[in-house]
Amino acid sequence: MDMNRLERIDDWTWRVKRAAGSSGADALLYGDRELMAAMDDKVLEQIGNVAQLPGLVGSAMAMPDAHWGYGFPIGGVAAFDPDEGGIISAGGVGFDISCGIRCLRTDLTLPDIAPKLERLGERLFQTIPAGVGVEGDLQLSIDELDTVMRDGAEWAVRRGYGTGEDLQYVEERGRVGGSVPDNVSQTAKKRQRGEMGTLGSGNHYLEVQVVDRIDDAAAAQAYGIREGQIVISIHCGSRGLGHQIGTDYLVSLAKAAGRLGITLPDRELACAPINSPEGQAYIGAMNAAINVALANRQILTALTRETVHELFPSAQIETLFDVSHNTCKPETHVVEGKRRRLYVHRKGATRAFGPGHPDLPARYREVGQPVIIGGSMGTGSYILAGTTQSEARSFSSASHGAGRQMSRHQALKQWHGRQLIDELRSHGILIRTRSMRGAAEEAPGAYKDVDAVARATEGAGLARRVAFLKPKVCVKG
Amino acid sequence: MAAVHEYFEHGADIGVIGRGASIEEAFVQAAASMFAIMLESDAAQPLVEIEVDFDEDDVEFALVRWLNALLAQARERGVVLCQFELQRNDDHWHGIARGEPWRESHARGTEVKGATLTALSVRQDDNGWQARCVVDV
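In order, the protein sequence lines correspond to chains C and G. Heads up: the first sequence begins at 125 in the working numbering, then just goes up one per residue. Heads up: the second sequence begins at 1040 in the working numbering, then just goes up one per residue.
Excised from the complex, chain C in its bound form (with noise of 0.2 Å):
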């Protein structure tokens, strides 16, 4: 990043100089200087192309994790206000619509697994459905996939895929209103009929943790969570019907902008007015992939469980957050004094509730949403919690991942996957895989310092740290 295009307003927080006589709002990057300088220049161009963007309220931020997306940067917060003639984009969701982390809590120790850590990640494997052209053993009607568009995880549980117990910690309790099944294509739907319960591909994993190192204890001990103890995380997303809503999406509404009225500044911006029925169009499409997401990471958790039961019958294995960082969310938020309703984009970023929120299970509302930041599979993940702060500072939204500082193509020039996923193992970390070029391209030395990712975090005011999570066992996709 060139430096000189930035302006420090502190230690973590920088903005992008503007033009004299420029138009648009303030963009806005959180980070350290370090993580400044390594950011590439692409996240300061596309996060001043979503400044530009109509009824934006506030700044466009990019979180300290931000690196060159398509549209917005990965990293991308965005608060648009439906009555200012504020837009909904689906290049400011993405492709892969509600990805997000599902974070389990057991009673597990590391001593208890160890003796069957390899038998551990060897079922999982093979309960698991992960890679590119692999399917779940279920098979769904369209008609079926209409009850899961509109019920998300709550049909999951209903047709037997985990409790009750579990909706209580995922966000909107596993079912987002407003999905609306007839605005998603049949191709989309076709598309899905085979992916329910599947883990994909590219950066999405099942690990198995453990819990390295506690930051916060009053947190820690609200989310049940302390050292020593196994943690398994489930990254994955809406499949092949959240990509088929971006691809229909991104392509019919980057056409009619022109009749719109919007001026992109970078066409994968596509969008409309929310008060307009191509935008309501879109929401209604982009809610039914919240739910497929919802469902298909419930599933996930439904077979974990089962799996892990087989060598440890007796385990408690609780659900401790689901949290998506691939939406658009009407949230009501307080800006100057007076609160509003606002879409909220966050694309490759998380929601970060603080302390008090009403939105949050009774068990975590004295000490703020947790907040997962998931890094690479050789190094280490967070927990954070939100915090008070960060509703002012991002509209209560944080980093999400430790964030590429590598292309895959440079990655695949520099490690090769069997010797990337003997070295893991020589450090104690089993890799389950069926693509090695996967594993090569999610090299550990692909990402940026999760540390630092997560210090920068906390030094923003965005989220505190609460515990270090280190990887055992990846099943990746």
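FYI, nobody ran anything at the bench for these hints, they're computed from the structure. Treat the hints with care, as some may be off.
[Stated by the list, open to error] What the simulated footprint calls covered on chain G by chain C, stretch by stretch (three residues with Cβ under 8 Å from a Cβ of chain C suffice, anywhere in the stretch; the number is not a length): (1) 1098-1109; (2) 1113-1125; (3) 1139-1148; (4) 1153-1165.
[Stated by the list, open to error] Only part of the chain C face toward chain G is listed, based on derived beta-carbon distances under 7 Å: (5) Arg247; (6) Thr251; (7) Gly255; (8) Glu455; (9) Thr456.
[To be verified] Mimicking EDC-like on lysine to aspartate or glutamate, the simulated pairs with C-alpha atoms at most 20 Å apart in a straight line are: (10) Lys379(C) x Glu1099(G); (11) Lys314(C) x Asp1092(G); (12) Lys166(C) x Glu1048(G); (13) Lys537(C) x Glu1079(G); (14) Lys314(C) x Glu1090(G); (15) Lys537(C) x Glu1048(G); (16) Lys379(C) x Asp1096(G); (17) Lys166(C) x Glu208(C); (18) Lys314(C) x Asp1096(G).
Nothing here was measured: the structure is a model prediction, and the numbers come from that model. In this text, a Cβ means the ideal position worked out from N, Cα and C, and glycines have one as well.
Dock chain G against chain C, hints included.
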């Protein structure tokens, strides 16, 4: 000899390139590059055939629609594609692709979720046509 596929750099995803003497040829090469991200093309056999049809007057949107139509059909049918043909008649595009159902023995790559409008261009230079865009993985 294995086919040569061309790519360009993108921070998080992958840019695919197709070149050819005609737009259709460039699109066919772009499709081959995209499917090779999921499976090396010489590892699949042309055992089943699919067809795609669409109308599009903008050649850049046509590239995105071509690639996404192939992805959708491949996912719906549970196949991986390795051979492509495309014909254009004014604004109507008709394509045929061949491949085979996924097998356990396939050395899998990375799933492509969709073709995006990022870095999308279809242009002609002294060497023929070049079609490129970023695909989301």
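So, going through the hints one by one against the coordinates:
With a threshold of 8 Å between beta carbons, the proposed coverage of the region 1098-1109 of chain G by chain C holds, since 4 of its residues qualify and at least three are required. Check on the region 1113-1125 of chain G: 4 of its residues sit with their Cβ under 8 Å from a Cβ of chain C, so the three-residue criterion for coverage holds. With a threshold of 8 Å between beta carbons, the proposed coverage of the region 1139-1148 of chain G by chain C holds, since 5 of its residues qualify and at least three are required. Counting residues of the region 1153-1165 of chain G whose beta-carbon sits less than 8 Å from any beta-carbon of chain C gives 6, enough to reach three: the coverage restraint holds.
Nearest Cβ of chain G to the Cβ of Arg247(C): about 17 Å, over the 7 Å cut. The hint is violated. Nearest Cβ of chain G to the Cβ of Thr251(C): about 15 Å, over the 7 Å cut. The hint is violated. Because the beta carbon of Gly255(C) sits about 5 Å from the nearest beta carbon in chain G, less than 7 Å, this interface hint is met. Using the Cβ-Cβ criterion of 7 Å, the hint placing Glu455(C) at the interface with chain G is not satisfied: the shortest such distance is roughly 26 Å.
Annotation: interface hint on Thr456(C) violated; nearest CB of chain G at approximately 31 Å, more than 7 Å. As the CA atoms of Lys379(C) and Glu1099(G) are separated by approximately 12 Å, the hinted pair is consistent with the 20 Å bound. Annotation: proposed proximity of Lys314(C) to Asp1092(G) holds, straight-line Cα distance about 17 Å (limit 20 Å). For the given pair, Lys166(C) sits about 12 Å from Glu1048(G) by alpha-carbon distance, which is consistent with the 20 Å threshold.
This hinted pair checks out: Lys537(C) and Glu1079(G) have alpha carbons roughly 16 Å apart, not beyond 20 Å. As the CA atoms of Lys314(C) and Glu1090(G) are separated by approximately 16 Å, the hinted pair is consistent with the 20 Å bound. Distance hint between Lys537(C) and Glu1048(G) is fulfilled; the C-alpha atoms sit about 12 Å from each other, no more than 20 Å. Between Lys379(C) and Asp1096(G) the alpha-carbon distance is near 11 Å, which keeps this suggested pair within the 20 Å criterion.
This hinted pair does not check out: Lys166(C) and Glu208(C) have alpha carbons roughly 28 Å apart, beyond 20 Å. At roughly 27 Å between alpha-carbon atoms, Lys314(C) and Asp1096(G) are farther apart than 20 Å, so this suggested pair is violated.
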